[in-house]
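Undergrad: Each chain is listed here by its residues.
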Amino acid sequence: MNPPTFTATPHVLRKLRRERLAALVLSGMVLAMVLPLFAIVAYLVVKGAPLINWAFLVTNPTDGMRAGGIWSALVGTVYLVVIALLVAAPIGVLCAVYLNEYARESWLTRLINLAVVNLAGVPSIVHALFGLGAFVLFAGLGRSILAASLTLAIMTLPVIIASTKEALNAVPLSFREACWNVGASRWQTIWRVVLPNSISGILTGVILQVSRTAGETAPIMFTGAVFFKKVADGALFPYALTDQCMALSMHLYTVTTQVNNAPEALPYAIAVVLLGAVLLVNATAIIVRSYLRSRKKW
Amino acid sequence: MTVTSPCITTRGLNLWYAKFQALLDVTVDIQHGIITSLIGPSGCGKTTLLRCFNRVNERYGYVTTTGEIKILGKNIYDPDVSLIELRKTVGMVFQRPNPLPISVYENVVFGLRVHNERSDLKREMLDEAVEKALTEVGLWTDLKDRLHEKATHLQLEQQQKLCIARLLPLKPEVILMDEPCSALDVEGTRAIEELMFALKGRYTIVIVTHNMAQARRASDECIFMLMGRLIEHRRTEDLFLNPQNPKTAEYIEGRYG
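Protein sequences, first through last, are from chains A and B. 838 is the number of the first residue of the first sequence in this note's numbering; add one for each residue after it. -15 is the number of the first residue of the second sequence in this note's numbering; add one for each residue after it.
Rather than coming from a laboratory, the hints here were simulated on the basis of the structure. Hints are not guaranteed to be accurate.
Some chain A residues close to chain B (C-beta under 8 angstroms, calculated; not the full set) [to be verified]: (1) Phe967; (2) Ser1011; (3) Asn1034.
Some chain B residues close to chain A (C-beta under 7 angstroms, calculated; not the full set) [as the list claims (entries may be wrong)]: (4) Arg43; (5) Val47; (6) Arg71; (7) Lys72; (8) Asn82; (9) Leu110.
Please read these numbers as outputs of a predicted model, since none were measured by experiment. Glycine included, every Cβ here is placed at the ideal spot set by N, Cα and C.
Could you build all of it, start to finish, from the sequences and the hints given here?
TA: See the structure below:
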């Protein structure tokens, strides 16, 4: 018998070619995703940069949106996002805890879970119409920050529920078993073990919703956001909850579509600020998560 | 052999997971203060039976049970039975050591924290409970200076002992062990078996094991189960030397399993 030579056969060579092709195609797809992303961001920054400075951030728009800054829109967006999440996060998280930890498997819980999944996929304009009917008209809140925030909250709720459930599910069964077998009640199990070990995932899910809430235009344009509203330059709490407000997403929309002769850089600058704010929040989320993760090891 | 009285008794116990019947007409008396092992091939219902004894089965999904289980003479399906109190008396140790991702100290006092109002727990009392429980499982000398380290950083053997120690401050009567050594090496297995010997007498120990040699060397009585039925229950040496049922004989000879 000949000793083995371990040289490649034609079949092996074919396999290797396919291997290289696969790696090439797959990495090409990654590039196809990453390149446009960087191109968009770079384009926005380059186009918008000339306008962005501190004064731009903290002053009101003037001259029919054609000059001045974006303070009233920036602070309006912060109002909407913060209030929406203050409402949606506790309800969503607690709801998910119930669905995941208490609810028994039955047709009703299956229906609720199905509803949650489907609600997460409903277009935002539908939420807007719901908000208009439920909060603005029926609840009598009128067009206001409150109505707009609640509409945004309704929109984010199902997503928060879904992401929280996922985070809760990631807590190992063995931790729960440890609790059950010393006679911990469900609530003790949740409070002492499940929540502390899923909080990073829960927070990440919630914070990621900031970008969505900040970016949506449809839900707020019927329920509380306006074309123009002047506030004191740089004032931190310029709006009352019953006021209407400006918002960055809406502002971007109006500047690009409704205002003639706006400086070309203006919409880009607004987009950069919106993007920057969202990135800032997401970066915070990542830092918080990695901090919380470093404290848990299993 | 000392005279013993039954600690756990079941009469005509049937159990279904949804439509699948996992236990069929199990009637057994488990004696007080000794080590009883449950053996049988995978899926024979050993773990299911074990989980019946503190009704923790009910936490894993839909189970339907008929028949009777008495712990120290009390039917645990009586409506006045609190599962919380039951599980305090009947604790369980798992295959994979499952210390909680908190300190060694907090693991040991976890049960006390769960069963007492915060204001009733005094520092000295907790310290004492930790020292007592860790001494009982032989961890005190090793860990007394590491009480505030994370329990999940300990060696597996120490983790498993800690999981046993976690039960002790609650003054359990019964300790259920679900293959407590299968994640451990030879040394760890020996250590846990020695610990079982040290604990028997004060606690009634029921251990599920896949390892027949372990059942043989580490238990006083042995129960052989097959397809959800209890086939044979005798003193361990008798069961292994002189099995009455041919199915038991074939299993311990290793013809199937």
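Undergrad: Against each hint, give a clear statement of whether it holds in the structure.
TA: Tested hints:
Taking 8 angstroms as the C-beta contact cut-off toward chain B, the hint placing Phe967 of chain A at the interface is violated, the least distance being around 36 angstroms. With a least beta-carbon distance of about 4 angstroms to chain B, the hint placing Ser1011 of chain A at the interface is held under the 8 angstroms criterion. Of the supplied interface hints, the one on Asn1034 of chain A holds, with its beta-carbon coming within about 6 angstroms of a beta-carbon of chain B, less than 8 angstroms. Satisfaction of the interface hint for Arg43 of chain B is found here, the shortest Cβ-Cβ separation to chain A being roughly 5 angstroms, below the 7 angstroms cut-off.
Checking Val47 of chain B against chain A: minimum C-beta separation of about 12 angstroms lies over 7 angstroms; hint violated. Satisfaction of the interface hint for Arg71 of chain B is found here, the shortest Cβ-Cβ separation to chain A being roughly 4 angstroms, below the 7 angstroms cut-off. Below 7 angstroms, beta-carbon pairs count as interface contacts, and Lys72 of chain B has one with chain A at about 4 angstroms; its hint therefore holds. This hint holds: Asn82 of chain B has a C-beta 4 angstroms from the nearest C-beta of chain A, less than the 7 angstroms allowed.
Because the smallest distance between the Cβ of Leu110 of chain B and any Cβ of chain A comes to about 15 angstroms, over 7 angstroms, the interface hint for this residue is violated.
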